[in-house]
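Colleague: Starting from the structure of chain C, add chain R where the hints point.
What follows is each chain in one-letter form.
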Amino acid sequence: KQEVTQIPAALSVPEGENLVLNCSFTDSAIYNLQWFRQDPGKGLTSLLLIQSSQREQTSGRLNASLDKSSGRSTLYIAASQPGDSATYLCAVKSSGTSYGKLTFGQGTILTVHP
Amino acid sequence: DGGITQSPKYLFRKEGQNVTLSCEQNLNHDAMYWYRQDPGQGLRLIYYSQIVNDFQKGDIAEGYSVSREKKESFPLTVTSAQKNPTAFYLCASSPGQGPTEAFFGQGTRLTVV
Numbered sequence: 010k011q012e013v014t015q016i017p018a019a020l021s022v023p024e025g026e027n028l029v030l031n032c033s034f035t036d037s038a039i040y041n042l043q044w045f046r047q048d049p050g051k052g053l054t055s056l057l058l059i060q061s062s063q064r065e066q067t068s069g070r071l072n073a074s075l076d077k078s079s080g081r082s083t084l085y086i087a088a089s090q091p092g093d094s095a096t097y098l099c100a101v102k103s104s105g106t107s108y109g110k111l112t113f114g115q116g117t118i119l120t121v122h123p
Numbered sequence: 006d007g008g009i010t011q012s013p014k015y016l017f018r019k020e021g022q023n024v025t026l027s028c029e030q031n032l033n034h035d036a037m038y039w040y041r042q043d044p045g046q047g048l049r050l051i052y053y054s055q056i057v058n059d060f061q062k063g064d065i066a067e068g069y070s071v072s073r074e075k076k077e078s079f080p081l082t083v084t085s086a087q088k089n090p091t092a093f094y095l096c097a098s099s100p101g102q103g104p105t106e107a108f109f110g111q112g113t114r115l116t117v118v
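Going down the list, the sequences are from chains C and R.
As numbered in this note's numbering, residues 10 to 123 make up the first sequence, in order.
As numbered in this note's numbering, residues 6 to 118 make up the second sequence, in order.
Just chain C, same shape as in the assembly:
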């Protein structure tokens, strides 16, 4: 059974800092890994999608890496801003099921203060 863990559970940083969010998973049989952002009371916004054959993806100030063999992914946020404050979720899409089950971590709550 796939299990996804995110560390830390919460993070508070001053504006301008570079920061790293961690995601680990137990089963390396995956199609891909997605990072999402969730604002309070809102749905999930997809930030980055890394296919199992890729090592990293970049979008603006965000960079996500994937090490499938060790079951780890990191989301790097450069020059953090108060507007980055949100919950960040990672999810892996397993290749061992017929429908590609998406398993989520419990999220990292990020607060960036001015």
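To be clear, the hints were calculated from the coordinates, so they are not data collected in a lab.
Glycine residues also receive a C-beta, built at the ideal position from the N, C-alpha and C atoms.
Warning: the hint list may mix true and false statements.
What the hints assert, rightly or not - On the chain R side, residues computed to face chain C include the following (Cβ under 8 Å):
1) LEU48
2) VAL57
3) PHE109
4) GLY110
To be verified - Listed next, with one range per pair, are the computed distances between beta-carbon atoms:
5) R/THR82 / C/GLN63: 37 to 47 Å
6) C/GLY105 / R/TYR15: 35 to 45 Å
7) R/PRO100 / C/ALA19: 30 to 40 Å
8) R/PRO44 / C/ASP36: 25 to 35 Å
9) C/SER78 / R/ASN23: 40 to 50 Å
10) C/THR14 / R/LYS62: 22 to 32 Å
11) R/LYS19 / C/GLY105: 34 to 44 Å
Modeller: Structure of chain R alone, referenced to chain C:
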């Protein structure tokens, strides 16, 4: 604009009532999913559908029912058999199986009164 629309945004249910949450997508995606989100528990899969007129139970299907009569629509009914329905419900879709990206709606907050 292409996307997933969930309605209503807020829903209140009395004890013993069935309620239906709407999910519509115009992305031409084959696969659709319903998740439940509770504080501290992450997202859990309720039902999924890979194609019209076909759907399967997820991890926590008890007390819920779905239908998939049209490709763009995947409504979720929360029945009176669901003993703890208060939660945030999220609908998602993807082009299909395999290494495809998932997209989510804005969610429906269901509260039992």
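Colleague: Next, verify each hint and record whether it holds.
Modeller: Hint check:
{"no.": "1", "hint": "LEU48", "verdict": "4 Å, holds"}
{"no.": "2", "hint": "VAL57", "verdict": "15 Å, violated"}
{"no.": "3", "hint": "PHE109", "verdict": "4 Å, holds"}
{"no.": "4", "hint": "GLY110", "verdict": "5 Å, holds"}
{"no.": "5", "hint": "R/THR82 / C/GLN63: 37 to 47 Å", "verdict": "39 Å, holds"}
{"no.": "6", "hint": "C/GLY105 / R/TYR15: 35 to 45 Å", "verdict": "37 Å, holds"}
{"no.": "7", "hint": "R/PRO100 / C/ALA19: 30 to 40 Å", "verdict": "34 Å, holds"}
{"no.": "8", "hint": "R/PRO44 / C/ASP36: 25 to 35 Å", "verdict": "26 Å, holds"}
{"no.": "9", "hint": "C/SER78 / R/ASN23: 40 to 50 Å", "verdict": "47 Å, holds"}
{"no.": "10", "hint": "C/THR14 / R/LYS62: 22 to 32 Å", "verdict": "25 Å, holds"}
{"no.": "11", "hint": "R/LYS19 / C/GLY105: 34 to 44 Å", "verdict": "41 Å, holds"}
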